[in-house]
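All chains, full assembly: derive it from the sequences and hints.
Protein sequences appear in the order of chains S and W. To convert a position in the first sequence, counted from 1, into the numbering used here, add 428. To convert a position in the second sequence, counted from 1, into the numbering used here, add 7.
Hint data in this document are derived by calculation from the structure and do not stem from the laboratory. There may be inaccurate statements among the hints.
Short, incomplete list of chain S residues facing chain W, as computed with Cβ under 10 Å [what the hints assert, rightly or not]:
| hint | residue |
| --- | --- |
| 1 | V482 |
| 2 | L486 |
| 3 | R748 |
According to the in silico footprint, chain W covers these stretches of chain S (three or more CB under 8 Å from chain W) [unchecked claim]:
| hint | stretch |
| --- | --- |
| 4 | 491-504 |
| 5 | 563-574 |
| 6 | 707-715 |
Non-contacting residues of chain W with respect to chain S, defined by C-beta distances greater than 12 Å in every case (computed) [unchecked claim]:
| hint | residue |
| --- | --- |
| 7 | G50 |
| 8 | P66 |
| 9 | G112 |
| 10 | A128 |
| 11 | G138 |
| 12 | E142 |
| 13 | L147 |
| 14 | R149 |
| 15 | K153 |
| 16 | I154 |
| 17 | V164 |
| 18 | T192 |
| 19 | R252 |
| 20 | H280 |
| 21 | A285 |
Cβ atoms here follow ideal geometry from the backbone N, Cα and C, with glycine treated the same way.
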Amino acid sequence: MSEPAINPESVDGDVALREFADAHLTRARMAITLVVLGAVLVVVAMVAAAFGSVHIDLMRAIADSSSADHAILFGARIPRVLMGAIVGAVLAAVGAALQALVRNPLAEGGILGISGGGAFGAIVALVVFSRLGGADAAVPICAFAASLLSTLAVYRLALVDGRLEPFTLLLVGVIFNAFWGAAIMLVNSIVNFYFTHSIIFWLMGSFEAPTYREVAMVTVLGFIGFAILIARARDMNLLSLGDDEAAELGVEVEAVRRTIFIVTSLMIGAAVSVSGIISFVGLIVPHIIRTAIGADHRMLIPASILGGAAFTVAADLIARVAIAPSELPVGAITALCGGPFFIYVLRREGRKSLAL
Amino acid sequence: MMIAATGLVGCDARSNHALRNENAPQRIVSLAPAITETLFALGAGAEVAGVSQYCNYPPEVTKLPKVGTFLTPNIEAIAGRRPTIVIGLQTSSDLREIRALKAMGYRTLMVDDNSIAGIEASIRTVGDAIGRAREAQALLDRMHLKIEAIEERLRGVSERPVLMVVGHQPMVAVGTGTYLDELLTMARAKNIAAGAAQAWPRLSIEYIIATRPEVILDGQMGSDPGTRSSFWAKYPTIPAVRAHRVVGYPEDPTLHPGPRIVQTLEILARLIHPEAFASERDAPKRIANDSPEPAIATELVR
Numbered sequence: 429m430s431e432p433a434i435n436p437e438s439v440d441g442d443v444a445l446r447e448f449a450d451a452h453l454t455r456a457r458m459a460i461t462l463v464v465l466g467a468v469l470v471v472v473a474m475v476a477a478a479f480g481s482v483h484i485d486l487m488r489a490i491a492d493s494s495s496a497d498h499a500i501l502f503g504a505r506i507p508r509v510l511m512g513a514i515v516g517a518v519l520a521a522v523g524a525a526l527q528a529l530v531r532n533p534l535a536e537g538g539i540l541g542i543s544g545g546g547a548f549g550a551i552v553a554l555v556v557f558s559r560l561g562g563a564d565a566a567v568p569i570c571a572f573a574a575s576l577l578s579t580l581a582v583y584r585l586a587l588v589d590g591r592l593e594p595f596t597l598l599l600v601g602v603i604f605n606a607f608w609g610a611a612i613m614l615v616n617s618i619v620n621f622y623f624t625h626s627i628i629f630w631l632m633g634s635f636e637a638p639t640y641r642e643v644a645m646v647t648v649l650g651f652i653g654f655a656i657l658i659a660r661a662r663d664m665n666l667l668s669l670g671d672d673e674a675a676e677l678g679v680e681v682e683a684v685r686r687t688i689f690i691v692t693s694l695m696i697g698a699a700v701s702v703s704g705i706i707s708f709v710g711l712i713v714p715h716i717i718r719t720a721i722g723a724d725h726r727m728l729i730p731a732s733i734l735g736g737a738a739f740t741v742a743a744d745l746i747a748r749v750a751i752a753p754s755e756l757p758v759g760a761i762t763a764l765c766g767g768p769f770f771i772y773v774l775r776r777e778g779r780k781s782l783a784l
Numbered sequence: 008m009m010i011a012a013t014g015l016v017g018c019d020a021r022s023n024h025a026l027r028n029e030n031a032p033q034r035i036v037s038l039a040p041a042i043t044e045t046l047f048a049l050g051a052g053a054e055v056a057g058v059s060q061y062c063n064y065p066p067e068v069t070k071l072p073k074v075g076t077f078l079t080p081n082i083e084a085i086a087g088r089r090p091t092i093v094i095g096l097q098t099s100s101d102l103r104e105i106r107a108l109k110a111m112g113y114r115t116l117m118v119d120d121n122s123i124a125g126i127e128a129s130i131r132t133v134g135d136a137i138g139r140a141r142e143a144q145a146l147l148d149r150m151h152l153k154i155e156a157i158e159e160r161l162r163g164v165s166e167r168p169v170l171m172v173v174g175h176q177p178m179v180a181v182g183t184g185t186y187l188d189e190l191l192t193m194a195r196a197k198n199i200a201a202g203a204a205q206a207w208p209r210l211s212i213e214y215i216i217a218t219r220p221e222v223i224l225d226g227q228m229g230s231d232p233g234t235r236s237s238f239w240a241k242y243p244t245i246p247a248v249r250a251h252r253v254v255g256y257p258e259d260p261t262l263h264p265g266p267r268i269v270q271t272l273e274i275l276a277r278l279i280h281p282e283a284f285a286s287e288r289d290a291p292k293r294i295a296n297d298s299p300e301p302a303i304a305t306e307l308v309r
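Dropping the structure here:
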C-alpha cells in the first residue's frame, strides 16, 4: 500500500499511469485520502453503534454487562455494524477490481452470476434444512459452496482457447445471473409461501442478527482478498490499457486475470453467504471514488474498501431506524440512496470520469 | 381499480345468492387451506371438487385435484373442475384471475381471513352460500364453547409479554391486525410486536432484547429443533432465553386461519401459560396437546 509512486523498474508504466490519475500519486496524497476516508468510516461506525431501533444508555451498556443495554450494544448492534463494514468493503473492492478485469464500468460482484448462485444455495439450504434441522448453521455453508460452484462454472465457460476472455466472461456472468434469478423464482413458486419472506431476504440482502463467528469468517477472507487485490493494483492499471499494452509492459495478463477473478469470486461468495445480495455498493462506490481521486487502482482499491464500508454501514443504519422497530432490507436502501447520488455525481463530473 | 374489483366480487356473491338453489349438491373449488378446512368442518367435504396446492387438512384433501394456489390460481384447472362455486380469499387472491372466472360465468365468493370476526363471518358466508347455514351456526357454537373453556382455564392468570415469530431470516413477527395477535391476547399474552405498526413486522433483534419477552414462540423451531442453541443463545438477557421459554409451535394448524383457530388458541395458551394446564394432566383428553393429533382435531371441528 505504501508502494512508492515512482517505481524504478518500470518507468514506462508510470508514464502510462499519468493518464489515469489526475495528479501524481505521492505518499502524502495517498495517506491524506486514506486518513480522511478512515476517519469518515470511524465516525459513521460510531454513530451507527450509538443509534438503532431502540434507545440505549451507552454508559450502562459499557458498565453493566448484565443489562439489556449491554446485550443490545455488544450482542446485536456492534456485530451488525462490523458485518456491514466488512461486507461493504468487500463489495466495493470487488467492484473496483472487476471493473478493471472486464474493462467495463457496469461490472460488480452481482454481474458475474456468483452472488446469484450463492443466494440460490442459501434458499435451497433453507428449504431443505428447515425440515431436517440446523438451518441457521447450514445456510451460510451452502451459500458459500454454491457460489464456489458457480465461480468454477463461469470460469470454465468463459475460457476461450485457454484464455479468460473479458467479453465472454461478462456475457457468461450476466446469463448466470439471470439463470440463478429464474431458479430462485422457480423455488419460490414450488415451496410453501411462508418461505417468500426468506427468499426476498436473500435477494435484497440484510445484516440482521449476525454472529461474531460469521463476522470473523468474512473478515479473514476479506482481508486476504484485499491484500491480493492491492498487490495486483499496478497490474490492474496496466490491464486497463489493453491486453497487448499490458503484456508489453511486463504484465502476465492471463495469470493476473485468473487471480483477480478467483479472489473476487471467493470474496463475493463469503459476503453473500452471510448477508444475501446487496446491490449497487460495488457499482457506485468505486465510481464515486474514481471521480474524486482518479482511476489509479493503487489508490482506488484501498479507498473503495474504506468508502464501501462507510457507505454500507450508513445505509444499514437507515434500514434499522427508518421504520423502527421494523426493519427495511439494506439492499433496498443502498439502491434507493445510491442510485440518485450516483446519477448526480455522473452528471456533475461528465462522461470522462467514467473512463477506466 | 382493486377496490372496484373487490366491491364487485362482494356484490356478485350476494346477488347470486337468491338465484341459485343452495340445497342442490355443489361442486366447490377452494383456493386456500382455511377455506377447505371450513368446507370439511361444515360436512361439505364430498362436494369439494378442487383445492389449492397448499391444502393439507383434513388428510383426504391431498388426494383431491389441485387448482394452483391462492396467489396464482390456475383458471384452466379451475374451469376443468366444472365448479358451481369458487371460494377464495379477499386479500390475497389474484383479482385478475377471479375477474376472468366471473367473466366466464362462474360464481365466486371471496372471504376475509384477517381477523377472528372475519373468520367467523367467513364460516357463516360460506355456510349460506352452499346451503349449510345450520351447520355453520353449529360449528360456530362449538368453537365458542371451546374458546370459553380455554378462557375459563386462563381466568386470573396474569398477562405475559410474548413474541411470536414466523421465521429468523428475516425476523418476521406476528403483529397487530392479525387473527394470531387476537389469539395471543385471548391466550393472555401481551404481544411485544404490537409496538410496530405492521401486521407482519420485520422486527430488529435490538427491539426484542429491549422489550424483554418472557416467552418466545418460534415458528422456525416448530420444524427445526436445532435452532434454539444456535440462534437465541446469543441473547441471554432476554428473559425467555434465560428461563428456557423459547418454544416452537407447529405451522399446522397455527398458520391456518379457519375453524381450527380454536385449536391454535389452545396451543398458544398451553405454550404461554403451561402452569394453568398443569392441574389437568389426568383429566379427559378433551384438550389437544402441543402436537395436534388428527383425532383431537376432528373432535374440535365436528
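Tested hints:
1. V482: At 4 Å from the nearest chain W Cβ, V482/S passes the 10 Å test, so the hint holds.
2. L486: Status violated, d = 14 Å.
3. R748: At about 6 Å, which falls below the 10 Å cut-off, the nearest Cβ of chain W leaves the hint on R748/S intact, so it holds.
4. 491-504: Three-residue rule met by the stretch 491-504 of chain S, so holds; n is 8.
5. 563-574: holds (count 4)
6. 707-715: Coverage by chain W is violated here, the residue count being 0 at a Cβ distance below 8 Å.
7. G50: holds (28 Å)
8. P66: holds (17 Å)
9. G112: holds (28 Å)
10. A128: holds (24 Å)
11. G138: holds (31 Å)
12. E142: holds (29 Å)
13. L147: holds (28 Å)
14. R149: holds (28 Å)
15. K153: Since the minimum Cβ distance to chain S is about 26 Å, K153/W lies beyond 12 Å and the statement holds.
16. I154: holds (26 Å)
17. V164: Answer for V164/W: holds, closest chain S Cβ roughly 25 Å.
18. T192: holds (19 Å)
19. R252: At roughly 17 Å from the nearest Cβ of chain S, R252/W sits farther out than 12 Å, so the non-interface label holds.
20. H280: holds (24 Å)
21. A285: holds (29 Å)
The structure fails hints 2 and 6 (numbered hints given earlier, in ascending order).
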